[in-house]
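S.K.: The residues making up each chain are set out below.
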Amino acid sequence: MKSSLRIHVIYAMLGLLMGITLSAIGFTDYDQLFNMFTFADTRMLFAFASGVGLAAMVFGILHVTRIMRLEKKIYHPGTIMGSILFGYGWVMCGACPGIALIQLGQGKLPAILTLIGIFVGVRTYRFLHERYFHWDTGTCGI
Amino acid sequence: MHGYLNWWMGGLALGGITILFRFLTGRTLGVSGSWRKVAFWRQESANDKAMQAFTQNQEGAANAFLAATLAEFGETSTDAGIDDEVQRAKPASAKQVVPWTAHLLFLVCMALGGLIWAVFSGNLHLHYELSPIHSHISGTFGDMSFMLLVGGFLVGMGTQMAGGCSSGHGLSGCSNFSWSSLVATAIFFSTAVVVANLIKVVM
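Respectively, the protein sequence lines represent chains A and B. 1 is the number of the first residue of the first sequence in my numbering; add one for each residue after it. 1 is the number of the first residue of the second sequence in my numbering; add one for each residue after it.
Note that these hints are calculated values from the structure, not bench results. This one's a predicted model, so the numbers in the text were calculated from it and none came from an experiment. There could be a bad hint or two in this list.
Partial pick of chain A residues on the chain B-facing surface, computed with a CB cut under 8 Å [as the list claims (entries may be wrong)]:
{"#": "1", "residue": "Ile10"}
{"#": "2", "residue": "Gly82"}
{"#": "3", "residue": "Gly105"}
{"#": "4", "residue": "Gly107"}
{"#": "5", "residue": "Phe127"}
{"#": "6", "residue": "Arg131"}
If you anchor each label on the Cβ, the simulated ranges turn out as follows [claimed, not checked]:
{"#": "7", "chain 1": "B", "residue 1": "Ala50", "chain 2": "A", "residue 2": "Arg131", "range": "41 to 49 Å"}
{"#": "8", "chain 1": "A", "residue 1": "Asp41", "chain 2": "B", "residue 2": "Ala50", "range": "32 to 40 Å"}
{"#": "9", "chain 1": "A", "residue 1": "Thr42", "chain 2": "B", "residue 2": "Phe40", "range": "22 to 30 Å"}
{"#": "10", "chain 1": "B", "residue 1": "Met203", "chain 2": "A", "residue 2": "Ser3", "range": "29 to 37 Å"}
{"#": "11", "chain 1": "B", "residue 1": "Met203", "chain 2": "A", "residue 2": "Leu5", "range": "46 to 54 Å"}
For glycine and all other residues, C-beta sits at the position ideal for the given N, C-alpha and C.
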């Protein structure tokens, strides 16, 4: 039970950190996002790329020194199709799954509609997946 | 003018969170995975229970094995080797189950983080539209609602299908040099770039 509490505290803390950081960078602001995709403003693009670069450097060093293994994600036919749907949806609603929640937290009421859409989408996919696709998807390494 | 972090501070923060998440949880960062766990909380909590019983049984089995060894060979046999072996086996076999409630808390606290930022940056008030550009693109309130619902649906469906989102594939997958994540990130990003530029041309 004690370790369960520890996990909850850690996840809560990381959630807060994510919410504050993504807000402070501007990923919750559709104007900023749209300007990133049209390359009118490359600030967030560089933020994202340098974040990946920093983490890649640390994980790479830990991998080479054999302290930590790299976590590989599974490739399957849905990777490409799903990414296309996601990219299209991202421009329409201005949110990836986490962003919609943060937008709601900031008082952006339309995000409720996005959240409904995401919830239905997640459930619909599982339904289709079990019915028709049967791909091996290791979603986000959980 | 807009009051957001500049690019390198944003990069430090994003990279830092990705690394911190890995160190604290032993797992890779991914919001869409949390979404899946929360959206299917009933199935997931059953899975959690089964996994927990399994890991506890494994620990129990290791303990029983140790006790049996003690009974058979006496205290001296356990001085070095077996104890070490049991200690080393533990973290690997008992990879802790993350209950779905922790994922729920993660999502709720993200919203809370948004609220905290809004309070401290002086942006705390109710918004009835997403942003000026979004309203300009979508037009009426009805059209905007339709765009958000359909867009959200595509995001939910697409991220589950692709097995990750901008955090799972983009941040943690790419920084782990995962081939499928590099492909996924390149595709969802370029799709978004194409769609956004098309909209810009039409508008």
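S.K.: Against this structure, judge whether each hint is valid.
M.R.: Tested hints:
With a least beta-carbon distance of about 5 Å to chain B, the hint placing A:Ile10 at the interface is held under the 8 Å criterion. With a least beta-carbon distance of about 3 Å to chain B, the hint placing A:Gly82 at the interface is held under the 8 Å criterion. Given hint, A:Gly105 at the interface with chain B, holds; its Cβ is 3 Å from that chain's nearest Cβ, closer than 8 Å. Here the hint on A:Gly107 is kept, as its CB sits about 5 Å from the closest CB of chain B, short of 8 Å.
This hint is violated: A:Phe127 has a C-beta 10 Å from the nearest C-beta of chain B, more than the 8 Å allowed. A cut of 8 Å between beta carbons decides the hint on A:Arg131: the least distance to chain B is about 13 Å, and the hint is violated. About 24 Å separates the C-beta atoms of B:Ala50 and A:Arg131, a value inconsistent with the hinted range of 41 to 49 Å. Here the CB-CB span from A:Asp41 to B:Ala50 is close to 48 Å, at odds with the stated 32 to 40 Å.
A:Thr42 and B:Phe40 have their C-beta atoms about 38 Å apart, which leaves the hinted 22 to 30 Å range violated. Against the hinted window of 29 to 37 Å, the Cβ-Cβ separation of B:Met203 and A:Ser3 comes to about 53 Å, which falls outside the hint. Checked against the hint of 46 to 54 Å, the pair B:Met203 and A:Leu5 passes, with Cβ atoms roughly 51 Å apart.
Consistency with the previously given hints fails for numbers 5, 6, 7, 8, 9 and 10, ordered from lowest to highest.
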